[in-house]
Amino acid sequence: MTILDDPVDVVIVGLGATGSVAAHVLTAAGVRVLALEAGPRLTAEMMSNDEIRNDVDGWMSAPKAASEVPTLRLDPADEAHPSWWPTLMVNGVGGTTIHYPAASFRLLPWNFRSRSAVEERYGEEVIPDDSTLADWPLSYAELEPFYDRVERAIGVSGSTGADPFAGPRTNPYPMPPLRRSGWNTLTEDAARRLGWHPYPTPAAINSRPYSGRPACTYCGYCTGSGCHVAAKGSPDVNLIPVAEATGLLDVRTSARVTRLEVDPLRPDRVSGVRYVVDGQERMATARVVVLSTFTYENVRLLLLSASAQHPRGLANGTGQVGAHFIPHVTPSVLGLFPGRRLNLFTGTWGQSTVVDDWNGDNFDHSGLGFIGGGALIAANEVHPIALSAQVPPTVPRWGSRWKRWVAENAQAIGSAVAQFESLPYRENRLDLDPSAVDAYGVPRVRITYRAGENERRGAAFMRARMREWLQAAGAHETWTNDEIHVEGRHVYGGTRIGRDPKTSPLDPRGFAHDVPNLTVLGGSTFVSSGGHNPTLTAQALAWRTAEEILARLPAFA
Amino acid sequence: MLEAVLNRIVPDDGNGAGAAELGLLEFIRARLSGPRAAAVAVYVAGLADVDRRTHERYGHGFADVCPAEQDDILSSIESEEAALPPWSRGAAFLETVLRDVREGMFGDPAYGGNRDGRGWDLLGYPDPRSVWTEADQRMDVVIIPLHPRLARPPRKVLP
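Chains as they are written, first to last, in our numbering: chain A, 305 to 861; chain B, 2 to 160.
Any given hint might turn out to be false.
[Unchecked claim] One-sided excerpt, in silico: chain B residues whose CB lies under 8 Å from chain A: (1) Gly17; (2) Met106; (3) Trp121.
[Claimed, not checked] From chain B, some residues computed to sit far from chain A (all C-beta separations above 10 Å): (4) Glu22; (5) Arg30; (6) Asp109; (7) Asp141.
[To be verified] Some chain B residues flagged as far from chain A (calculated, every beta-carbon gap over 10 Å): (8) Ala42; (9) Gly62; (10) Thr97; (11) Pro149; (12) Ala152.
I should point out that these hints are in silico values taken from the structure, not numbers from a laboratory.
Please read these numbers as outputs of a predicted model, since none were measured by experiment.
Ideal Cβ positions, reconstructed from N, Cα and C, are used throughout, including at glycine.
So that you can see chain A by itself, here it is in the shape it has in the complex (with noise of 0.2 Å):
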């Protein structure tokens, strides 16, 4: 027997980083919302500095994320075997940003519009045949006020006009940016010796108290786990509490959402959502949903609720759910810094120094025989186990020689790891797995993923780049893997946004084309990947939909 819910004006699925945006722009308006959460609560006194459990082990994401990681296949004919990418997502309220190094970039303003400005630059023939890149249907202006509100709200700490290629702001950066330490100063010489423009990544971290939150204390232990002290702005310490005390948000915790259901008698309409809470199916009704999971979750739900009237899924008419799939291409450079300490265990990823000179078209890209690229970081919070593994080849792997190389050098060595930008191509897509499922007996998501000439080009270059950063930092020996790595954690595409419903389930502004009272949120509506982390990116979409949402409330009944 399923318990139906007393109505609401917006149910929320998933409580994350885009979702806890929504509910606190809607709750702050007088909305009513119910948001729906598979995991539980987390608090600052469950975490520890503990890489078995929280790197290792992946303690966050239980109860139900570790088990619907997709599988993955290089090419449509072969068969998917379970995600070798490094993936984790973590159920709770706040969601994967709980355990995110809170990185908080802006695109560039080139990236909204890479279709039309590559074809301008370079002609459209070197956009690869099969790639789908298409333009965002909205500019980096108009972004720009949601992004502001997003850094002010969650509190960004970041270098204001450091970077010589960002887009105009409103306003400078709410804090100052995190501490430099000694390897993000190293770094940042180094790239100013090459004529590059270094810069400390924005984080959502507080470099002061903020928002009645307490500084960032650099325990490296940002990634994998949440804040010991609340220093992280995930939004389960700022949105989140803001939201819960207008009295109109109703968090409900260990609800897993099945399906969203349609009205029988207006087939253009979503009426609410069927879940799960301790072993009880509940459904509740709303005038809106918001969808706002995980990439791979906002794909597979929207496959899952196929129903007589939509045979494909939901916002499937067209077939584009799952389409325009594209992950960050993600090549590291590792170097020796013979004789040097750097003690990359102290402070966290978000300190990093970043260089945006071969992100985005900052650079020409004649007869390079790819578009796009990506920012190179070099970041600290390297935990011990992790460390253990950054052998060179030249080295063995194990036996007295690993051991007296990692005695003498563990310490020495650095990195750089490159954000870089992978095309959407008509065959990389999302759908669900015809065999592989869950814990719950849920189909799960099956990534097919080949990466193109333009991605092994890219990657060989921006590789390259990296190298020529850590010799300048002083690094004798460098090394690296020329296999193509992809960020299992930094997914886009699957629900695009756009103008036509033929080429993007979703209109401009996230709302479904075919059934206009269905919003989705998150990873999943990037058009294009960009070259930044992108979580502040997904904030600030979420923030404007939210607005919209409430211009177009009163349209549902």
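Following the hints, put chain B in place on chain A, whose structure we already have.
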């Protein structure tokens, strides 16, 4: 048998602690009885394979041949595994052992490995802290553990 493999991966060679001193066998046993139960089959099949190869090549079991011959067997397995596709490489025997060894050597001693922080000593890692100061974060600073290794207060693993 697993003990003999671990002794080659982390030899007691006078340069930092060896496998036994680090408690690697106990660590792996505890993990296989808990969160890594799925890897039991990998160990059982992998160890049988190691022994079979050693018999074929040297006419004795793995534990009964000399260190150089043991290394030879492990190296041949390692190079075969390197050719595996990415989706199966991670679950291959030696890859699994190396991963578990790194975790048992450099993870928190609360899990039974890295006894007395001897793995961290090898790595030049002092200990996890809730605060790193500006001075700690300068280049070339030698940071010593807060407590002498044997006096480190026991840590509880959170659920």
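Hints, one by one, checked against the model:
1. Contact between glycine 17 of chain B and chain A, as hinted, is supported at the beta carbon level, the nearest pair being about 6 Å apart and thus within 8 Å.
2. Annotation: methionine 106 of chain B was flagged as interfacial toward chain A, and the flag holds, the nearest CB pair being 7 Å apart, inside 8 Å.
3. Hint status for tryptophan 121 of chain B: holds, given a least beta-carbon distance of 6 Å to chain A, under 8 Å.
4. Look at glutamate 22 of chain B: its CB is around 12 Å from the nearest CB on chain A, clear of 10 Å, so calling it non-interface holds up.
5. At the 10 Å boundary, the C-beta of arginine 30 of chain B stays outside the reach of chain A, the nearest C-beta of that chain being 15 Å off.
6. Listed as outside the interface, aspartate 109 of chain B is inconsistent with that label: its C-beta sits roughly 5 Å from the nearest C-beta of chain A, within the 10 Å cut-off.
7. Not every C-beta of chain A lies more than 10 Å from that of aspartate 141 of chain B, the closest at about 5 Å, which undercuts listing it as non-interface.
8. Every C-beta of chain A lies more than 10 Å from that of alanine 42 of chain B, the closest at about 16 Å, which supports listing it as non-interface.
9. Distance check for glycine 62 of chain B against chain A: the nearest CB is about 20 Å away, which clears 10 Å, and the non-interface claim stands.
10. Under the 10 Å C-beta cut-off, the non-interface status given to threonine 97 of chain B relative to chain A holds; the minimum distance is some 13 Å.
11. Distance check on proline 149 of chain B: its Cβ is at least 19 Å (rounded) from any Cβ of chain A, clearing the 10 Å threshold; non-interface status holds.
12. The non-interface label for alanine 152 of chain B is consistent with chain A: the shortest C-beta to C-beta separation is roughly 19 Å, beyond 10 Å.
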